[in-house]
Amino acid sequence: MNMIDVSHLTFSYKLYSGEPEHTNEKKAIDDVSLSVRPGDFIGILGPNGSGKSTLARQLTGLLVPGGGFVYVKGLDTSIPENTFKIRKTAGIVFQNPDNQLIGSTVEEDVAFGMENLGIDREEMRERITTSLEATGMTACRLRPPGTLSGGQKQRAAIAGILAMEPECIVFDEPTAMLDPSGREEVMKAVRFLNRDKKITIIYITHLVDEVEDADYLYVMDQGKIALQGKPCELWDDPAGLTAHGCGLPFLRELTCMLKEKSSRLNHVLSGILPEGEQELIRILAAMAEKDDLQPEKEPAAKMPSSGGICLNDVSYSYRINAKSGHKEESGASNALEHISLSIGPGEFVAFVGPTGSGKSTLFQHLNGILSPLKGTVCFEGQDIHEKGYPLHSLRQKVALCFQYPEYQLFEETVLKDICFGPSNIGCDPETCLEKARHAMALTGLPGELEDHSPFSLSGGEKRRAALAGVLAMEPAYLLLDEPAAGLDRRGKEQLFMLLKSLNRDHNITVIMAAHDMNDVAALADRVIVMKEGQLMADGCPENILGDESLLDSVGLKEPDSVRFYKALCRQMDCPESGLPLTVKALAERICLMCGEEKQ
Amino acid sequence: MIRDMTLGQYYPADSVIHRLDPRVKLLGTLLYVITLFLSKSIWGLALSALFLAMIIILSRVPLSMLARGIKPLMIIIMFSAALNLFFTPGEALFRAGPVRISREGILLTSYLILRLIFLVVGSSIMTFTTTPRQLTAGLEKGLGFLTRIHVPVHEFAMMMSIALRFMPILTDELDKIMKAQMSRGADFESGGPIKRAAKLVPLLVPLFMAAIRRASDLAAAMDARCYHGGEGRTSLYPLKYSRKDYAAYGVLLCYTAAMVVCRMCFY
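Same order as they appear, the protein sequences are chains A and B. At position 153 of the first sequence (counting the first as 1) the number is 153 in our numbering, and the numbers step up by one without a gap. At position 239 of the second sequence (counting the first as 1) the number is 239 in our numbering, and the numbers step up by one without a gap.
Please note: incorrect hints may appear among the correct ones.
Claimed, not checked - Here's a subset of chain B near chain A, in silico, CB distances under 10 Å, partners left out:
#	residue
1	Ser183
2	Ala186
3	Tyr227
Everything labelled a hint here was simulated from the structure, so no lab data went into it. Just so you know, these numbers come straight off a predicted model, no measurement behind them. Where is the CB? At the ideal position from N, CA and C, for every residue including glycine.
Start from the sequences and build out the full structure, keeping to the hints where you can.
Rendered as structure tokens:
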């Protein structure tokens, strides 16, 4: 018997737009059929708003089909009597780590499902022990959820589902809100459940790398299944994947680019399908000659000018509750220790480091939201915490965009919301509107959206509306805390293009915090590494992103292209010169090494 | 600002009082508060003080912690003390124009101050030695008999524990929204009360949206784990009375009896 059978499933949400007669229906799932065999690892890919999460809720009986059928181990989800049996068979782990833990300690949370099932105490304790072991959470058994890292919270949530002994677990973007080390922890736990515990996994994500080794993949777009097949079959259709808002895993993308760029490589690589990175490296190493590319002259470090933001020996700590002291326990105190740095006009700076390393705290110092306990913060040569310094005008010039900025939208219409900033700094209504419209155009929001409610926009549009709200103040410095968090590939690409053009064409200094080193490599021209409130390193991307031990010490990884290039050089036994930071740069370099003319 | 609240603060330690069943502590606190207002004599007050001192020593909660709990209530205590001091009729000891202080007034006022302090300290001993979870479990089980008259005790207890779990998360959220709006030039400090209230819209709308979003996520997560109310539910840590709980009930009974006797003999 199949674990899950879905046939011709349709489902719509009702949209209420004020008056009852204007009730619209939005099709979230449109004629979806799929089947999952026991023990499989199934990946469901798709951009934001493609209906993935709705499907996840359908598969676990949290939503009931509007049309068609969903069977979980032969049980029809639309029959109310089956509900509890289905939920016991198929568990679900959600995206937001904070919103799915109910207990006041990890142990109590794991027990929650079992308590509901009326399982007796002795068995509960046994199952808690085994499920915490399976997720590597034994040491955190008695900790309150507030003291855990994101990855630990998600693993606690997995343990809570596991304790109910399901045969199948649906994961709804479980890593979307985590940093790279948290992501890895969760992926490891998921793979373990599938391989060693033989639990069927349905893994929903918009990151192709996470489902690269799945047994079967479905790609959803606009409520339909757009593509399906074994991973290797799907990678052969890069155009199809891109059309539906998904990318290729790094290795496939590289192979694809190499084939495109060089007819010789195309000839060699099309005959065989390289299995894994090692093989591809061997093939390329055999073909390539020494990398004799002279590295371009290193860009001269910009001298810190008197303009710009300057931090002088800044220290800060949050008042930690002496009794619970839980922030210290998790090692993420968000404090700052003796930070000195300066950021000049026109730079594109990326701050990298694990969650809780103090990036957000630092950002809040840069626009005067927090004031340092020790040290000074200067803007254009003036101490911003001196008496009488106009913090208002500072915040207009140095704009801060928090993580998930769409959560601060509040007005009736998009345009009004964007006007909030300019009107606060005392612009007259005419100017406000003008600035708001300009900001909308800048972020690529179509003009017809200006009278829509900000809450009716899609995820990517909301993010852009929030960003427009900050840009409308016409800042010279733009601070962004994890601007790409939660965005799908398409949204991310658009956002990055916007940031680049703001920096280049509008001469806005962009300062962002990020955990994905691939993003940093593609964007920044200066990288600052932070750990536990201290500056670990500060330099150009080539130096920082190529320093494996440095990145490793803060729980980050080199960009894929740098890692691949280094491995290739090792294989060829030749010295490295000038690291290629993006896949495109890497592909070009390999072509050069293989003796192709530069195009 | 909201972080400074002492409500439900727990002081982790391993003491007899910490290990008592929460139901004992809840009932004990209730009885203690009632008996405080039963006694009108110095003897009754002395007995209450003695009893409280014993509990404090047993609980191993440092006095400084308890003092911190009284501080925010000092204004209320002083205010009611002043009322008593100036408006109690009786034998005048001091007179200056309309201000008149009587002997009875002084006596009554000192009783009142002591009683209020005992009350605050007594009930904070309970919150200091009982985790919020134990407290809700104690309330749920202790008031369980009310389900027979259709009071949704389990639901209230669940609401309370969810509120306690999400309070810090929403506090953080509010903090973040506030900073985000301040970064967009919002100013929450200046202006009159009406103007300031209007300025809360950019805070409250996002906060409510966040709360609703979290609530709907949490509801789905609870649904997915087969939550269906209190019926047929088991508990990882079921409340069970042990010998020390019965002993504590005995002590409580003795104390209450002594207080009643006190009241009857020294009125």
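So, going through the hints one by one against the coordinates:
no.: 1; hint: Ser183; result: holds (4 Å)
no.: 2; hint: Ala186; result: holds (6 Å)
no.: 3; hint: Tyr227; result: holds (5 Å)
When the structure is compared with the earlier hints, no violation turns up for any of them.
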